[in-house]
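Q: Residue numbers (our numbering), protein chains in the order written: chain A, 95 to 349; chain B, 886 to 1300.
Please note: incorrect hints may appear among the correct ones.
As the list claims (entries may be wrong) - A few chain B positions that, by computed beta-carbon distances, are all more than 10 Å from chain A: (1) G904; (2) F906; (3) F931; (4) L938; (5) R1066; (6) G1153; (7) N1182; (8) D1183; (9) K1229.
To be verified - The calculated label-pair distances, taken between Cβ atoms and stated as ranges, are: (10) G229(A) <-> N1182(B): 17 to 27 Å; (11) T1070(B) <-> R291(A): 14 to 24 Å; (12) N297(A) <-> Y942(B): 47 to 57 Å; (13) T172(A) <-> F891(B): 32 to 42 Å.
Treat the hints as calculated values from the structure; they're not laboratory data.
Note that the Cβ used here is the ideal one computed from N, Cα and C, for glycine as well.
The chain contents come next:
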Amino acid sequence: MVLEQYLRERLQQKDLLLMTHVVCGYPSFEDNWRELEIMAEFGVDMVELQFPFSEPSADGPLFVKANQEAVSSGVRPTDCFEFMRKVCDHFPFKVLMMGYYNTAFKMGHDSFIQQLSAAGGCGYILPDLPVEEAGELHQLSKTKELAPIVLMTPTNTDARLNVLGAAAEGFIYAVARKGVTGGQTEMGDDLKTFLGRCKQYTNLPVAVGFGVSQKADLDFLRGKADIAIIGTAALKAWKMGGEDSLRVFFSDLLS
Amino acid sequence: MSLFDFADGREGYYGDYGGTFLPEILATTVEELRLCFRGCKEDPTFWAEFVELMRTYSGRPTPVSYLENLSNKLGGARIYVKREDLNHTGSHKINNVMGQGLICKRLGKKRVIAETGAGQHGFATATMAARFGFDCKIYMGAVDVARQRPNVFWMENLGAEVMAVQDGQRTLKDAINECLRDWVTNMADTHYVLGTACGPHPFPEMVSFFQAIIGKEARQQIIQEAGKLPDRVFACVGGGSNAIGIFQGFMDDNVELIGVEAGGHGPGSGLHAARLAYDDASVGVAQGFKTYFLQNNDGNMLETHSIAAGLDYIGINPILSDLWEKDRVRFEAATDEMVRDTLKLVMRTEGLIPALESTHAFALAVAEAPKMGKDEVILINQSGRGDKDIFTVADTIEDDHWKEFIKNKAVEYGA
């Protein structure tokens, strides 16, 4: 699998990889590009490009607003794929599609997989698509070597983690806590125990997201996880002061 | 025929529709709810407890009334009405809510959350929470809060916290999203009292189970009152809980079932909420389930409109989508204009004030009755009462005395 191999190679050189997130077309594709340039500058390993959806029910307030503004300014899935193609051609990091299942369902599974592959993406994260419903899409993904990213959460039973582990490819997205994106997460014993449970049910690299926002969080995750996911915190920095504050954010994060 | 005999590996599916599409963090909570509901459904004492609660607290069984004046005026079929408006809190919503209150108690949870559009479901949930001693938070789109103040007033005075949702179109669907966000955070002590037969499994089945009380009563009552089964049963369809409730009483009979959606400004206007009666909806997955949604080609949801806030929803009960495709339920739409005219007619001829939602069902019955024989029988589900709509109705019929009253009140309050 292309993505897993890439991550393993990177993990030879770094003890904790970084995945970041942008909402396509918010505030604009030009802004996205400048954000991505800074992310590349700081050696980000993977980026999720979120395809905006009108009902982003798993997202917190900042991403909700981002989704809604992008949708109402007319950002379409075809624009997002086109943007992804440019991003993949230009930047060294790997790119994933992130979004809600209806976006893929409405264009058709075949078309979704074809377009994602043609745009250079190497996988996708659809948080409202449970593994029971993902059979056909996961099968199709194999033909194009795309990784369907599976989420593990602290509320899952061991039996469920076992099912999730068996369905996963690329890496595991471990959700650090209950709730939606963008809130605070306590980096403590509970998270440590949870990540230990994840590792019991997968050999894939484990990425941790939801509430990862500062250097201390990365320090905590080193040795317990393989990838840190920065979502809301980077968008917050961009909204506060554009390029300058995003640079400050990453240099603090990685100091 | 049972709607809920699922094939192996297809639990929660009605034909192609339904399912469970939720973030993984809710998997355990939904499984716990599913198992609890299964236990309740298989336990005959649970249904008996529910019926007893509804008898003593909500005035069930609600009667079936014969509308002799209206029948004579239209000169066709005999028209009967199932009076869900006579429930405590004024609509069928209380059936589902009290049932889920019993479920919540069995789950050992102490807090309930609910979405509401028109406010009827929020009002019913706040009532249930007060009665059962639960903490209660109601999510309501800011647009709906502004247009349904009387229900907000009651919810707050019943002890619920009402949160005005500022995202999206600030209506029902946005309130559902906000409930899901609360639930993924607080599922340990919180039960989500979904108000209609939509959303992820087991909600469509569970809401249908409680609302089936309407159809069970109505079948016996109509045979007694009319001396025969109805030829046609009309129910309005927003999410579709009152419709599936009454329809279940007649699934195995040779009875035509008609769901009436919100036609708003009519087909092609872009201002309606008719998912099946018009051609504008397509199959999608949102808010936890698969069904027909009013959405664009990219899968983003469209704006909807109805004179009745309770019908103004993007998706539809997955069981009804399936029954429609199987030609078991016919779908029609009533426009805002038909609804206004029908409400005036029903008030004047029968002294009934159906909710604007329920008036959609009346509108189609009134349109079809004259073409039917005098030996034929129509049954309409009056899902709620319309006096809650006094502001909207007074506005649309431009009642001068009402306007004067409001102006005077405003002066009294120092406006």
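Q: Take a look at whether the Cβ-Cβ distance between G229(A) and N1182(B) falls inside 17 to 27 Å.
A: 25 Å, holds
Q: Is the nearest CB of chain A more than 10 Å from the CB of K1229(B)?
A: 37 Å, holds
Q: Going by Cβ atoms, does D1183(B) stay more than 10 Å from chain A at every point?
A: For D1183(B), whose nearest Cβ neighbour in chain A is about 5 Å away, the distance does not exceed 10 Å, so it is violated.
Q: Between T172(A) and F891(B), is the Cβ distance one that fits in 32 to 42 Å?
A: About 37 Å separates the Cβ atoms of T172(A) and F891(B), which means 32 to 42 Å holds.
Q: Should the label of F931(B) as a non-interface residue stand, given a Cβ cut-off of 10 Å to chain A?
A: 26 Å, holds
Q: Holds or violated: is the Cβ of G1153(B) farther than 10 Å from all Cβ atoms of chain A?
A: Holds, since 22 Å exceeds 10 Å.
Q: Minimum C-beta separation from N1182(B) to chain A exceeding 10 Å: can you confirm that?
A: Violated: least Cβ distance 7 Å, not greater than 10 Å.
Q: Range hint 14 to 24 Å: satisfied by the CB atoms of T1070(B) and R291(A)?
A: 21 Å, holds
Q: Would you say G904(B) is clear of chain A, with no C-beta pair closer than or equal to 10 Å?
A: Given a closest Cβ separation of 6 Å, the condition is violated.
Q: Minimum Cβ separation between L938(B) and chain A greater than 10 Å?
A: 31 Å, holds
Q: Using the beta carbons of N297(A) and Y942(B), state whether their distance is inside 47 to 57 Å or not.
A: 56 Å, holds
Q: Please confirm whether F906(B) is truly not at the interface, meaning its C-beta sits more than 10 Å away from all C-beta atoms of chain A.
A: Non-interface label on F906(B) violated, nearest chain A Cβ at 5 Å vs cutoff 10 Å.
When held up to the earlier numbered hints, the structure conflicts with 1, 2, 5, 7, 8 and fits the remainder.
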